[in-house]
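Asks: Chain A is fixed; fit chain B onto it per the hints.
The listed protein sequences derive, respectively, from chains A and B. With positions in the first sequence counted from 1, the corresponding number in my numbering is that position plus 1. With positions in the second sequence counted from 1, the corresponding number in my numbering is that position plus 1.
Just so you know, these hints were derived from the structure itself, not from any lab. If you're wondering where the values come from, they're calculated on a predicted model, not measured in any experiment.
Repeated chains share a single entry, so a pair holds when one copy, or any two copies, can fit it.
Quick list of in silico lysine-lysine cross-link-like pairs, DSSO-like style, CA-CA up to 27 Å:
#1 Lys33 / Lys56
#2 Lys92 / Lys33
#3 Lys128 / Lys151
There are 2 protein chains.
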Amino acid sequence: MEYRVGIDLGGTNVAVGVVNGNMEIVARATVKTRPQRMLDDVIYDIACCVKEAVKKAGITLQDCISVGIGAPGYCLARQGMVVYANNLGWKNVPLCEELQQELGVPVRLSNDANCAALGEVIAGAAKGAKSAVMITLGTGVGGGVVLNGKVYEGDLGPGTELGHTTLIFGGEPCTCGQRGCLEAYASATALLRQRHAAELAHPETAMKHFDPADGSAPFVCAGEGDETAKAVVEQYITYVGAGLVNFINIFAPEVVLIGGGVSNAGEALIGPLNEYVRQNRYGGRRSPTCEVRRAALGGDAGIIGAAYLDREP
Amino acid sequence: MEYRVGIDLGGTNVAVGVVNGNMEIVARATVKTRPQRMLDDVIYDIACCVKEAVKKAGITLQDCISVGIGAPGYCLARQGMVVYANNLGWKNVPLCEELQQELGVPVRLSNDANCAALGEVIAGAAKGAKSAVMITLGTGVGGGVVLNGKVYEGDLGPGTELGHTTLIFGGEPCTCGQRGCLEAYASATALLRQRHAAELAHPETAMKHFDPADGSAPFVCAGEGDETAKAVVEQYITYVGAGLVNFINIFAPEVVLIGGGVSNAGEALIGPLNEYVRQNRYGGRRSPTCEVRRAALGGDAGIIGAAYLDREP
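Just chain A, with the same shape it has in the complex (with noise of 0.2 Å):
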């Protein structure tokens, strides 16, 4: 049996898995990032982490294939190098050289919406496809694409930022600085501002009784019949798709997946975002339907997909 070890790199969490050629994780650790610490320190429990998974799964660094990180951020793969991450507050962190120092073996790196690509297109809901195109719904927009079995890394700086391209130019405000960019629309964030939004000029409905934190209460509520809270979520499918018709019309990718917080939604969300690629992307019903799926691996895709890091189509 051959290993590869994956290691998702978080704001809060470090987590690792030992996945075997079956592409199931068969041993996993933890540990808290604490990323305000001296980079050394974060290192070092990154390492150990590492070590205590493959103790776990019976085996040894060197029977491990590859060895592969996912972090949040701007990350150059080829360098091994984490040019920023906000959530860390790193900047120009060579993370693949001092890691590779501390475990002896090699280490491959990509940003961690990549690496969850990956890993549902090796072992999840795009198991088989040449090429996927991921977005996470979450308090961002991730992104992640594969093509031909392979991240695609672009060539010079930050790519396949797909949160970042425009959907409203000059519209919301977003994270980044920008106005416009879908996330401001299609995050679960701004799903909670849309809903939020609709309470107050709708005070009669359902949704003001769910925690305002809440982010699945326009789907149980429109579920239930709620007119604001279906118009809440309609118009909310209608900036996803938007978005998704994007990826479709310049990738023409053979599956697109929705991970994150709001894809808990599951076909409520799924069902209408496939009705509207196939009326809206380019050439509509005469083009191929692109289908649309609900990412199937949760946090394991980006474990899995930092495991693969090594694989060539």
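Replies: The following block gives chain B in isolation, referenced to the frame of chain A:
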């Protein structure tokens, strides 16, 4: 010396070039397309045109490494099929197969905008770059993407339809049936519309003395200090710039190229676009600069790119 043949199939003319190993066109031939005729007649004329160009070059078809054709509309490169092309009135035409029968040698196919982008990477303004995104600002907005030295084709359905990505969701109507596409703001057609709206609002502008179909009027008058023209140009550059920023945030290419009629404005267009991109790319001035350049080869780009569709990176 090695030779290749490139064919640029347009709605009005077919242009054939024989390209030598220095990426120079050493012989040419053209013929009217007249696409409303029987398909066999069109194919026969294209084949004759190819034979004429080859004869002028003093070689035979069997001396050529590769024959490629760029066609308008939605093409399936791998299948050699023009799926639909409004300009030609074609639907599901197996162009490569038909042309191979006439010529007796294999023929490769891609969309004409893709061929133009490849030609500029092979021999033009992006020579030496691994990746480039090219948009043509003409009647519409065309898009071609070269990644790792090869045309990006997509896997399922029409791809790299960069003109049909959203700039202002729900905005100006587009030729494709949607609203708010980049094409509806950044094409030469859109620039004329913006010019005429400004003339109505500001009848004192010098633009009024230009031919109503002259897209260069805003740039010429802006250069002479006309305030209304300056405002039109500034707004137009913002639209084009926002589109470029999207493609840079997605592809992180080495170079961006601008072709089409509007690119004749030269540095008055390209200079401000570079400044816009530097300021507004994701990560802003912290991110590396992606240079915007004017395409260099004009109509020859499509011929040279088609000739090199065989090239593996």
